[in-house]
Amino acid sequence: MIGPHIEGLLTQSEEPLMVCANDVATVRTENNLLHALLLLSSVGLNSIPVIDHNSQIQGIISMPMIINGVLKDDDYDWNLLSERKVKDVMDSSVRTLYTDAQFEDILHMLVDQNYLCVVDKNGIFRGIITRKTLLKRINFMAHEFERIYDVRLKDKYRPETKEDLRNERFVPRTELLRGRAD
Numbered sequence: 002m003i004g005p006h007i008e009g010l011l012t013q014s015e016e017p018l019m020v021c022a023n024d025v026a027t028v029r030t031e032n033n034l035l036h037a038l039l040l041l042s043s044v045g046l047n048s049i050p051v052i053d054h055n056s057q058i059q060g061i062i063s064m065p066m067i068i069n070g071v072l073k074d075d076d077y078d079w080n081l082l083s084e085r086k087v088k089d090v091m092d093s094s095v096r097t098l099y100t101d102a103q104f105e106d107i108l109h110m111l112v113d114q115n116y117l118c119v120v121d122k123n124g125i126f127r128g129i130i131t132r133k134t135l136l137k138r139i140n141f142m143a144h145e146f147e148r149i150y151d152v153r154l155k156d157k158y159r160p161e162t163k164e165d166l167r168n169e170r171f172v173p174r175t176e177l178l179r180g181r182a183d
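Quick note on my numbering: the sequence shown kicks off at 2 and runs consecutively.
Please note that a few of the clues may not be correct.
Below, computed lysine-lysine pairings styled on DSSO-like, alpha-carbon distance capped at 30 Å [to be verified]:
| hint | residue 1 | residue 2 |
| --- | --- | --- |
| 1 | Lys122 | Lys133 |
| 2 | Lys88 | Lys137 |
| 3 | Lys137 | Lys155 |
| 4 | Lys122 | Lys88 |
| 5 | Lys86 | Lys73 |
| 6 | Lys88 | Lys73 |
| 7 | Lys133 | Lys157 |
| 8 | Lys86 | Lys122 |
Estimated spans, in silico, between C-beta atoms of each pair [unchecked claim]:
| hint | residue 1 | residue 2 | range |
| --- | --- | --- | --- |
| 9 | Arg96 | His36 | 21 to 27 Å |
| 10 | Asp24 | Phe141 | 57 to 63 Å |
| 11 | His6 | Leu39 | 30 to 36 Å |
| 12 | Glu147 | Gln57 | 42 to 48 Å |
| 13 | Asp113 | Glu15 | 45 to 51 Å |
| 14 | Leu72 | Ile139 | 35 to 41 Å |
| 15 | Asp106 | Lys137 | 16 to 22 Å |
| 16 | Glu15 | Ser56 | 17 to 23 Å |
These aren't lab readings, by the way, just hints derived from the structure by calculation.
Just so it is clear, CB atoms sit at the ideal spot from N, CA and C, and this is done for glycine as well.
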């Protein structure tokens, strides 16, 4: 469970957490791969959501999926870009969040993905939540928490000596980016 003070700082922002569907580059299941390729190239993204004619999320498509979609007998058939549909090569196992998702669920799901697709209870695509937006909020929290709150270490976590503090609880800054062979 995320503490209320931490969650309060993470949810506090002038920038909305979700990018609305109208501002998200998407393709439709019936678009051809050339259309998807051109859109991905023009917006400079790794992948984009795929929706159907009812604005329901059907999956995601990426540049590697498109390239693999024109692979034929150990060679690329670029004519397939105009012939094959997005629905033929997209990843339909996309995980979605509902508009009323808990912040903790968003955090857990964004660990493995660059963005999450948000849908309403009817499955209509409402937007995306990006890892970048969430990391901005974590950065804000990391810089502001102790400025806003008085923080003290609880007795049961207080080390008995300064040596205990160094050895057990914290990694010195000089070792922060080094691998450990424990």
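Evaluated hints:
| no. | hint | result |
| --- | --- | --- |
| 1 | Lys122 with Lys133 | holds (25 Å) |
| 2 | Lys88 with Lys137 | violated (33 Å) |
| 3 | Lys137 with Lys155 | holds (28 Å) |
| 4 | Lys122 with Lys88 | holds (23 Å) |
| 5 | Lys86 with Lys73 | holds (15 Å) |
| 6 | Lys88 with Lys73 | holds (18 Å) |
| 7 | Lys133 with Lys157 | violated (35 Å) |
| 8 | Lys86 with Lys122 | holds (27 Å) |
| 9 | Arg96 with His36: 21 to 27 Å | holds (25 Å) |
| 10 | Asp24 with Phe141: 57 to 63 Å | violated (22 Å) |
| 11 | His6 with Leu39: 30 to 36 Å | violated (46 Å) |
| 12 | Glu147 with Gln57: 42 to 48 Å | holds (44 Å) |
| 13 | Asp113 with Glu15: 45 to 51 Å | violated (28 Å) |
| 14 | Leu72 with Ile139: 35 to 41 Å | holds (39 Å) |
| 15 | Asp106 with Lys137: 16 to 22 Å | holds (19 Å) |
| 16 | Glu15 with Ser56: 17 to 23 Å | violated (28 Å) |
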